[in-house]
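Q: So the protein sequences, as listed, match chains Y and C.
FYI, our numbering numbers position 87 of the first sequence as 87, with every residue one higher than the one before it.
FYI, our numbering numbers position 233 of the second sequence as 233, with every residue one higher than the one before it.
Possibly wrong hints are sitting among the right ones.
[Stated by the list, open to error] Label pairs and their in silico Cβ distance ranges:
1) C/HIS109 / Y/GLU53: 51 to 61 Å
2) C/PRO5 / Y/LEU399: 32 to 42 Å
3) Y/GLU53 / C/THR259: 25 to 35 Å
4) Y/ALA147 / C/ASP224: 38 to 48 Å
5) C/ARG319 / Y/LEU333: 51 to 61 Å
6) Y/ALA202 / C/PRO5: 23 to 33 Å
7) Y/PRO104 / C/ALA369: 36 to 46 Å
8) Y/LYS145 / C/THR345: 42 to 52 Å
[What the hints assert, rightly or not] Pulled a few chain C residues facing chain Y out of the computed Cβ check, cut under 10 Å:
9) GLY34
10) ASP43
11) PHE73
12) HIS165
13) SER167
14) LYS357
15) ALA374
16) MET387
17) GLU404
Don't read these hints as lab results, they were simulated from the structure.
Think of the CB as a built atom: it goes at the ideal place given N, C-alpha and C, for glycine as much as any other residue.
There are 2 protein chains.
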Amino acid sequence: MEGEPTLRLRIFDLNCWAIRYLSKRRQERVRLIGDKLRQEGFDLVLLQEVWSEQDYSDLKVKLAGCYPFSHYFRSGVIGSGLCVFSRFPILDTLLYQYSLNGYPYMLQHGDWFCGKSVGLVVMKISGIIFNVYVTHLHAEYCRDKDAYLPHRLVQAWELAQFIRHTSKAADVVLLGGDLNMHPEDVGIRLLRGWTGLRDAFAEAMRFEGCKNGCTLVPDNCFTDKSEMLPFPLGIRIDYILYKAISSFTVKCEELKTTTGPAPGMAIPFSDHEAVMATLHIQRQGQPAGATLGTADLALADVVTEARTEVGVGLRAAQRQRYSWGRMAVLALLLLLLQAAAALGTLAGLGAEQPFPKLSFCLLAFLSLAILVVATGLHIFHTMEVKMLHGTEDQMWMALRALQERPSEG
Amino acid sequence: MEGEPTLRLRIFDLNCWAIRYLSKRRQERVRLIGDKLRQEGFDLVLLQEVWSEQDYSDLKVKLAGCYPFSHYFRSGVIGSGLCVFSRFPILDTLLYQYSLNGYPYMLQHGDWFCGKSVGLVVMKISGIIFNVYVTHLHAEYCRDKDAYLPHRLVQAWELAQFIRHTSKAADVVLLGGDLNMHPEDVGIRLLRGWTGLRDAFAEAMRFEGCKNGCTLVPDNCFTDKSEMLPFPLGIRIDYILYKAISSFTVKCEELKTTTGPAPGMAIPFSDHEAVMATLHIQRQGQPAGATLGTADLALADVVTEARTEVGVGLRAAQRQRYSWGRMAVLALLLLLLQAAAALGTLAGLGAEQPFPKLSFCLLAFLSLAILVVATGLHIFHTMEVKMLHGTEDQMWMALRALQERPSEG
Chain Y
1 MEGEPTLRLR
11 IFDLNCWAIR
21 YLSKRRQERV
31 RLIGDKLRQE
41 GFDLVLLQEV
51 WSEQDYSDLK
61 VKLAGCYPFS
71 HYFRSGVIGS
81 GLCVFSRFPI
91 LDTLLYQYSL
101 NGYPYMLQHG
111 DWFCGKSVGL
121 VVMKISGIIF
131 NVYVTHLHAE
141 YCRDKDAYLP
151 HRLVQAWELA
161 QFIRHTSKAA
171 DVVLLGGDLN
181 MHPEDVGIRL
191 LRGWTGLRDA
201 FAEAMRFEGC
211 KNGCTLVPDN
221 CFTDKSEMLP
231 FPLGIRIDYI
241 LYKAISSFTV
251 KCEELKTTTG
261 PAPGMAIPFS
271 DHEAVMATLH
281 IQRQGQPAGA
291 TLGTADLALA
301 DVVTEARTEV
311 GVGLRAAQRQ
321 RYSWGRMAVL
331 ALLLLLLQAA
341 AALGTLAGLG
351 AEQPFPKLSF
361 CLLAFLSLAI
371 LVVATGLHIF
381 HTMEVKMLHG
391 TEDQMWMALR
401 ALQERPSEG
Chain C
1 MEGEPTLRLR
11 IFDLNCWAIR
21 YLSKRRQERV
31 RLIGDKLRQE
41 GFDLVLLQEV
51 WSEQDYSDLK
61 VKLAGCYPFS
71 HYFRSGVIGS
81 GLCVFSRFPI
91 LDTLLYQYSL
101 NGYPYMLQHG
111 DWFCGKSVGL
121 VVMKISGIIF
131 NVYVTHLHAE
141 YCRDKDAYLP
151 HRLVQAWELA
161 QFIRHTSKAA
171 DVVLLGGDLN
181 MHPEDVGIRL
191 LRGWTGLRDA
201 FAEAMRFEGC
211 KNGCTLVPDN
221 CFTDKSEMLP
231 FPLGIRIDYI
241 LYKAISSFTV
251 KCEELKTTTG
261 PAPGMAIPFS
271 DHEAVMATLH
281 IQRQGQPAGA
291 TLGTADLALA
301 DVVTEARTEV
311 GVGLRAAQRQ
321 RYSWGRMAVL
331 ALLLLLLQAA
341 AALGTLAGLG
351 AEQPFPKLSF
361 CLLAFLSLAI
371 LVVATGLHIF
381 HTMEVKMLHG
391 TEDQMWMALR
401 ALQERPSEG
């Protein structure tokens, strides 16, 4: 314990639910969040769902004094919603946009338009290199019949792979965000197993906040009560995860969540509760990265489970691709038939005009519209098939590597 | 020189031009490529434009003996076209899809549908960790008025950032591919300056092949002669780049290009010439990675130049977004007007039916079609604006870091 000094790092993570025109009392809440951040003086702030760049700019101006460094990640139609505020200089950034993120035609579930991504921020604090990741995965709209599970699993896999490949020169890895997965879900197990990241809630020496560390709770006045019915205590989907890579140890001294409105305030910061962790980072003689080797068998099971789910998604996507392709071909045939009929009439082959003009035109437009839409959807599902297939392949390669490891060493 | 043994690595890189139904004599050429690879027994083969998974599978079967390890990168509608064959085991892979890649409505330039990406393959050869990257950037269709320059620059920047962030644990970095940039272009200078990668052609101790290392030459029977008119000698757009990161040195002993059809064959392998490099890798006492620090000022100039071009693209994208948005609003207004007129007629407000039914319907369909298309394009250009803006930001951060470096250290 003595000798090397300890670095104490206070981290704040929140899904801000700041959707322009849609989120309730957005501007008021963004102001409250800014006040809280200024008051508490965290070292590092990881925010999600800051969809409006104006909100980010307002926060940036307000927080310039205590968080002189910040970054907003841009992607997709609406944005990634991800941003970082920091007391320490940001040396470098990188954005990785997930290859799958729902469907553009599911307008009521706007995820596709958000360009869901993982943002990486590299920092050096007291000589220690931190790779800080912030992300927000695809939402779960129906737990019993979760059509987006394969997409979320692809995202969890890409997140894990991105972290593994980019963090090799880092001393400490931190990940904060709304992962939209319950703690025991296969995606979380995959992410933790494949990266060796540890869950601040599970590791914390002290905890204070909502029961079981839940971050989506029925008591919050902004949550959808009907969605929370199966979970009377709430659910935990917002996480702070960490690991030390080189000769450092990280311990979570304290984890807190907000519990609805802060004292003296009328409303909560968001429909999610914030997660706040206090980490202790210390240099140690021996590397602490032996998490992976010991649990290879369990990890292989998780990867297999995830791969099965991705396979289910792959077959569904293949069916969709096939049926939209067939629809496009049928629409094209109908159009060609109509064109032939029209040409026939023009050439005077038919004695009289066989159809009323209006219905003929309407039918032509309808087939054209179906052709365009079905072709677009066929193309979209082709991309989906490619990405699911690619992920299945990568997971297979990972499994092979896991199985070969004992015989090699 | 003595002491540590030298690793000799032979690398083959080729844009295969294997587009199903479109490329001339595709199957014959893929067979020839397979023969050549089997005959020559390279250590590492980096291929682009292998669009058909069937072609990849055929090659894989054919090359199973001499290249037991391979990987095909899947992305986009058609695929990434990227694949790797190797004599040595592939330990891990990662795909990064570029955020910008042309326009879906430029059907004659099919780049958007290809999901242009950079693929990473991690290998360990004789105890040396290799990060091997293979990529294919957006094509240049008109050099004088290159509408895709901002997109290609974003890709070059993302490629450089991806390499920097993922290669920190590697001993040697290799990049092969069709970069679609001439050696003196700003994108190449940006990539080389920002990553420290060296050009095998420029560094080679021996060279054999097309003059100036050109890989797109008028003598090749598959190249478009009219496009080559301004470049009678051809152009060099296919590269093998490399650098040693830790205490290794890499030297290019020999670089070769093919020169049209190989002896005894009637046709060339592709419309591009293949690039073949023989590298020498040796362990050394001192790290050889001092390329960056020495040329900071020149690098800042390159980043500034690239950022200016990205800015030009950003303003063009903003104009496009605005005008498609305006078009969508106008179409919506027209539709509403028609709806009002139709309702008025139904309610018996107008004495008689004021317009012929057919024209009325046609107009409604036309406005609807314009509304849908214009909204789609508005959304697309919004994404484009986000990504160009994000890259401009990242480049600004890089410039700041470059300017601050001398004062720090």
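Q: Does C/MET387 hold up as a contact with chain Y if the rule is Cβ-Cβ below 10 Å?
A: holds (7 Å)
Q: Let me know if the C-beta of C/ALA374 comes in closer than 10 Å to any C-beta of chain Y, holds or violated.
A: violated (14 Å)
Q: Are C/SER167 and chain Y close enough, Cβ to Cβ, to be under 10 Å, as the hint says?
A: holds (8 Å)
Q: Given a hint of 25 to 35 Å, does the C-beta separation of Y/GLU53 and C/THR259 actually sit inside it?
A: violated (53 Å)
Q: Verify the CB-CB distance for C/ARG319 and Y/LEU333 against the hinted window 51 to 61 Å.
A: violated (40 Å)
Q: Min Cβ distance, C/GLU404 to chain Y: is it shorter than 10 Å?
A: holds (9 Å)
Q: The hint says 36 to 46 Å between Y/PRO104 and C/ALA369; measuring C-beta to C-beta, is that right?
A: violated (18 Å)
Q: A range of 42 to 52 Å was offered for this pair. Does it hold for the Cβ distance of Y/LYS145 and C/THR345?
A: Once the Cβ atoms are compared, 45 Å apart, the range 42 to 52 Å for C/THR345 and Y/LYS145 holds.
Q: With a cut-off of 10 Å on the beta carbons, see whether C/PHE73 makes it to chain Y.
A: holds (7 Å)
Q: Does C/GLY34 hold up as a contact with chain Y if the rule is Cβ-Cβ below 10 Å?
A: Since the shortest Cβ distance to chain Y is 22 Å, the answer is violated.
Q: Given a hinted range of 23 to 33 Å, is it respected by the beta-carbon distance of Y/ALA202 and C/PRO5?
A: violated (48 Å)
Q: Does C/ASP43 pass the interface hint, meaning its C-beta sits closer than 10 Å to a C-beta of chain Y?
A: violated (20 Å)
Hint compliance for this structure: hints 1, 3, 5, 6, 7, 9, 10, 15 are not met, and every other hint is.
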